[in-house]
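Engineer: Sequence:
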Amino acid sequence: MLLISCPWCGEREETEFHYGGQAFVAYPADPESLSDEEWAQYVFFRDNPKGAFAERWVHSAGCRRWFNTVRDTVTNEFQS
1 MLLISCPWCG EREETEFHYG GQAFVAYPAD PESLSDEEWA QYVFFRDNPK GAFAERWVHS
61 AGCRRWFNTV RDTVTNEFQS
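Counting from 1, one number per residue, gives the positions in the sequence shown under our numbering.
Hints were generated in silico from the structure; no laboratory data involved.
Hints are all accurate, no fakes.
Quick list of the computed label-pair ranges, beta carbon to beta carbon:
| hint | residue 1 | residue 2 | range |
| --- | --- | --- | --- |
| 1 | Ala29 | Ala54 | 16 to 26 Å |
| 2 | Thr73 | Ala26 | 17 to 27 Å |
| 3 | Asp47 | Glu77 | 16 to 26 Å |
| 4 | Gly62 | Gln22 | 16 to 26 Å |
| 5 | Glu32 | Arg12 | 34 to 44 Å |
| 6 | Asn48 | Leu2 | 12 to 22 Å |
Even for Gly, the Cβ is constructed at its ideal location relative to N, Cα and C.
With the hints as extra help, turn the sequences into a complete structure.
Structural biologist: Shown next, in the form of C-alpha cells:
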C-alpha cells in the first residue's frame, strides 16, 4: 500500500486521496482569445517526466484539502 503524507493529517493510505493532475499549471490569462488548438493544449496536454514530478492531491476521505507534492514517477516515492 502506498502511503501519502497529508500536510494537515499526516501519513495515510493512498485510498484516502485522489490525484488532481500536474501542479503549477497556470490558467490562461485570456481564455476567450485562445484557438481551439491552444485550448486543447491547455486542457489535455501535460508533462509526463521520468523522475520527480510536481502533482496536486486532495485528501478526499480526510480533511478534504488540496495540496501540492513531488512524487518520483519511477519509484512512486513522495518527497517531503
